[in-house]
Structures are given as C-alpha cells and as structure tokens.
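Participant: Listed below, chain by chain, are the residues.
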Amino acid sequence: MITVKELTKRYARTVAVDQISFEVAKGQIVGFLGPNGAGKTTTMRMLTCFLPPSAGTAKVAGFDVLEQPLEVKKRIGYLPESPPIYPEMETAEYLKFVGKLKGLSGGDLQKRVEYVCDRCAIADVKKKLLGKLSKGYRQRVGLAQAIIHNPDVLILDEPTAGLDPKQINETRELIKGLAGDHTIVLSTHILSEVEQTCEQVIIINKGKLVATDSVRNLQARARGAESVVVEIAGRSGRLEVPIVQHKLEQVSGVSRVLCRQQADRRAVFEVESQKGRLVRGDLARAVVQGGWDLNELRPAAMSLEEIFLQLTENESAEKDKTTAKEPQP
Amino acid sequence: MRNAWIICRKELGSYFVSPIAYLLLTMFGLIFGFFFWNALAYFVIEGMEMQMRGQMFPMNLNEQIIRPLLSNVSVIGLFFIPMITMRLFAEEKRTGTIELLATSPLRDLEIIVGKWLAAMVLYSCLLLFTALNFAFLFKYGNPDWKPLAIGYLGLLLQAGALLAIGTFISTLTKNQIIAGAATFGVCLLLWVLEWVSGYETATWARVLSYLSVITHFESFARGVVDSKDAVFYVTVIFLGLFFTARSMESLRWRS
Chain A
1 MITVKELTKR YARTVAVDQI SFEVAKGQIV GFLGPNGAGK TTTMRMLTCF LPPSAGTAKV
61 AGFDVLEQPL EVKKRIGYLP ESPPIYPEME TAEYLKFVGK LKGLSGGDLQ KRVEYVCDRC
121 AIADVKKKLL GKLSKGYRQR VGLAQAIIHN PDVLILDEPT AGLDPKQINE TRELIKGLAG
181 DHTIVLSTHI LSEVEQTCEQ VIIINKGKLV ATDSVRNLQA RARGAESVVV EIAGRSGRLE
241 VPIVQHKLEQ VSGVSRVLCR QQADRRAVFE VESQKGRLVR GDLARAVVQG GWDLNELRPA
301 AMSLEEIFLQ LTENESAEKD KTTAKEPQP
Chain B
1 MRNAWIICRK ELGSYFVSPI AYLLLTMFGL IFGFFFWNAL AYFVIEGMEM QMRGQMFPMN
61 LNEQIIRPLL SNVSVIGLFF IPMITMRLFA EEKRTGTIEL LATSPLRDLE IIVGKWLAAM
121 VLYSCLLLFT ALNFAFLFKY GNPDWKPLAI GYLGLLLQAG ALLAIGTFIS TLTKNQIIAG
181 AATFGVCLLL WVLEWVSGYE TATWARVLSY LSVITHFESF ARGVVDSKDA VFYVTVIFLG
241 LFFTARSMES LRWRS
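Sequence lines, in order, name chains A and B. Yeah, the first sequence ends on 329 if you go by this note's numbering, and it's all consecutive. Yeah, the second sequence ends on 255 if you go by this note's numbering, and it's all consecutive.
Treat the hints with care, since some could be wrong.
Quick list of in silico lysine-lysine cross-link-like pairs, DSS-like style, CA-CA up to 30 Å [claimed, not checked]:
#: 1; chain 1: A; residue 1: K208; chain 2: B; residue 2: K93
#: 2; chain 1: A; residue 1: K5; chain 2: A; residue 2: K59
#: 3; chain 1: A; residue 1: K74; chain 2: B; residue 2: K93
#: 4; chain 1: A; residue 1: K135; chain 2: B; residue 2: K93
#: 5; chain 1: B; residue 1: K93; chain 2: A; residue 2: K132
#: 6; chain 1: A; residue 1: K128; chain 2: B; residue 2: K174
Everything labelled a hint here was simulated from the structure, so no lab data went into it.
Chain A with its partners taken away, still in its complex shape (with noise of 0.2 Å):
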C-alpha cells in the first residue's frame, strides 16, 4: 500500500529525514516510533503530500507523492499532531466540510457523517462549537475527518498525545478497530502504544532508520540468546549470592548469569542460555537442591522500551550521545 524508496528531507542546514525505506501492506497498523524531533512528522507530511521530498520517492496506493498527488490524496486520510479544526465551526458542519473537500455530496456525505459521528464516538457534541469542545473530542473530531471519505490509507500523527489515560485507551481501541478497513501509520513517542496497537514498527532516530520490523522479532531479535528471570529466597538467615551464582552458572546450557537485586534474604538473577535449550527445570531443580526457595521463575521478555534504547543508543553511540533524547514512559 505505501513503498518508500530512499526518501530523503533536506532542510537549508539539517537534514530532517536520510534515506528511508520501508514497505507497508495493506490493512496493516504500522508504528512509527522515535524520540521527539527524529523525522516522524516531516515523513509523514511528505506521504500525505504536504511536503515535497527532496530525493528518493514515496508511493501511496501505487501513486507517486510528486507527481500525481491528487490521486494520493483522494486515498489518504490524514489527522495532523494538532486536530487541524476551526473553532467557530460546529461538529457536524466541520465534518461535512472536509467531506465535501474530499468529495463527497448529497445523501453520501449526509451518511458519512452520521458513521463517523456514531464510529467515533462525537454524535453528541454534534451541535457543538469546535472551539469549545475538551481536547479528547477534538482529537476524536480530527479522527472522524481523516475517515469521512473512507480512505485506503490513514495517517495519524501522535493521535494520543495531551490525552488522559481513559481517552488514550478509547483513541487506541478506536484506533485498532479501523485497522480492518484501512492501512493505518501511527507515529508515537510512547513504546507501549506501538506495543498494544501495532503489528508493524518501523523505529527512526536523527532522520536515519533504525529498524523495521514486526513487534514480536523485533523483541526476538533484541533478545537475542533466551533468557529467564530467576528470584531465589534463603531458607534460614542470609542468601550467599556468589554461591548460588556459582550453582546456577554450573546447570547445563546457562551461558550467563548476572545478579539483578539482592536484598538481605532475597535476589533477583537474570539468566542467560544458549538459543533452543529449555533450562527452567533444571534451574528449579538445582535451586531447589541448594535448599533455597524459588520465588519466581519467567522469561524475561524485553519490553519494547529496553529493545528501542538499546537500538537508539547503539546509532548515537559512535556520534555523540548527549543529544540522544530520553522516550517518555
């Protein structure tokens, strides 16, 4: 649905976006993530044609950005960072509005509005000033517009962002009940949210690309050898920490094993085993023989959060790493 070729924003000094390329299928919800200031909105500003790109192409439902951008844009529903509303205009009469820009009339656009009222959760502010409405509505208002002409492809940039918790969740699950019908893009500073809505990340630092994957290889990948989660408790008195390093180091197949947490009577292991070999059991079992208590025993799964710094910081690592920005939570 959308192809990407080598797409490049050159601004009079900076460069915004290097070079990226990436695919995205159709129906598919795809995350764009990266710190603030990485290149997520002037990418999707040169999708949604707003903005020229100065090299490389960019294609959307199989139409080139610069040289047929009508037909791109026919096809492209569009929610910028900030709801692009007009305070004195109401609900229902900004939306018919933009669906008459888009192209829509007579008992169609009348329809359209009333599905994206009821899809979207605005059919009782309806009659209302768009100046006047709290930010979560705006945000749905802007949600409701960049669907009004049913288009292939949405491109949302931050759609939760300034939200409340309770909103950011009702923006999501909106989010993820579109996906059926739409190719969507989604940029996000926030990790989690590319964890609970998306299937597809594609990960940008400084304009350059980072990876492009699907969330579950991504953290795969990131973990690289398996590892597990191991909290042993002292029957009586004091846990000897390097005597039970030693004895979780000597079970078959453990390759590393590093102390997490340790308190007077407890302590958190991180263990690491050679790819494909299950050593859980074992490891209770030996736990168990060494007459400790095992509190807990799981995988440790990394979040997205440890996969995106990991992968950000190896970019900026070699260049300079206080510019780095630290994700928000």
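Put chain B on the given structure of chain A with help from the hints.
Facilitator: Only chain B this time, still in chain A's reference frame:
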C-alpha cells in the same frame, strides 16, 4: 470550480459567524453614512443659496454627490481591505488547518480563488450599504443610474486588485497583525503614489502615478469605462493571485 466554491462558502461562514463581518459592516456604514450626510447637507444648502441669489445653475446629483462620494468610498475601502484579507491565510497557517486544505484533493488555485472570492463577497456587502444611501437619492431626485453602476464596477475592480494583494501578503506570515499592517501599508502607498504627478512630469513620476490604484478609478467615478483602467485592475488581480499561488508553493518547499 466546485472546490473553490466550497472554500468560499466556508470563508464566508467564518466571516459572518465571527463578529468580523458585522464590525466591518457597522464601521463602514457609519463612516459612509457620515460622508453621505455631509455631501447631501452641502448640496441642499448650496441649492438654497443659489435660489436666494436668484441664480439658476443646474444642480446635478451625479456630479455633485455621487461622483465625489464614490471617490470617497474607494479611499475608505483602502482602510477596510487589510481587515478583510489579513486572516485569510495567516490564520490557517497559525492554527495548522492549512495542513487539512493542503492534504485534501484540491488544487492550490482553487483554495486561493475561493478565499479571494469570499473577500470579494464581503466587500460587496459593504458596498450594499452605500447603495442603501444612494437609494434615497433615487427616491427624492432623479440621478442617472448608469454612471453609478459604472462607479460600482470600478469599485469592485479596484477592491479585487487590492484584495488580491492582501491575499498574497496573508500567505507570507502566520501573524494576522503583520499581514494586516503590511497590507495596509501597501494599500496606502498605492494610493499616495499618485501625488508625485502633482509636481513632476518626468517618466518615473508618470510610472509611479500610473501604479496608483486611485488614478485608475477616476474614469469609473465619472461614469466612463476606460479599457486602459479596467485592464490595469484585472492585471493586478491576476498578478496578485499568481503570486499567492507561487507563495503557497514555496511554503511547501520551505517549511
């Protein structure tokens, strides 16, 4: 063209939903009303004096009231035009709604023409106020309507030219006040450029005074359609809208 009409309707909506249109209409109505009242009072007193002196010069409503008043309208218009155009693009740029327009399947030209048309319609509403005053002349006197109609045509052409310039200036900034002030400055300059012809006859002075929008209005005020003047206004309209289109395009490459 359908798209331009959609944009035009939306712009008119925001003029008339907000107080802008009503404020402009009220101010314009008051100011023009005062001018009209003055002109009429002067006309009546002059007429009485003539009768008392026993002179019977023919008094002419067209020459003595309509023509100077139309010239006044064209000058008052200079002050109102910046207020009409300043928000056209500047506001959309500030609130980000320009992204909606630019990513909808519209041509830039349709957006520009739509907005300019809306400004023209609002200006025509202002002119309707003056027509209300002139209607009294027709009730109590019998002026010739043709020069008046031509005068209005001239006013519309002149306003079209200035509104096109204002629209262009509005694309250059996000700040409405800057857009308004710059448009006002340009309008004022285009008015006073004519003054150089008062003391200088060199080519540069003639060029400058030719550029003045006011010089080209004189023939219309007299009730004459001079094709030279009409062409001047139409050219400025086209140039203004053309530069607006170029400016919108450059906005994409720059921003």
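Participant: For B:K93 and A:K132, compute the direct alpha-carbon distance and say whether it is at most 30 Å.
Facilitator: Holds, because 21 Å separates the two Cα atoms, which is no more than 30 Å.
Participant: Straight-line Cα separation of A:K5 and A:K59 no greater than 30 Å?
Facilitator: Status holds; Cα separation ~9 Å.
Participant: Measure nothing beyond the straight line between the CA atoms of A:K74 and B:K93; if it is 30 Å or shorter, mark the hint as holding.
Facilitator: Holds, at about 22 Å.
Participant: Would the pair A:K208 and B:K93 pass a check requiring their Cα atoms to be no farther apart than 30 Å?
Facilitator: holds, 28 Å
Participant: Quickly compare the C-alpha distance for A:K128 and B:K174 to 30 Å and report which way the hint goes.
Facilitator: holds, 27 Å
Participant: Quick one, are A:K135 and B:K93 close enough, alpha carbons at most 30 Å?
Facilitator: holds, 20 Å
The structure agrees with every numbered hint stated previously.
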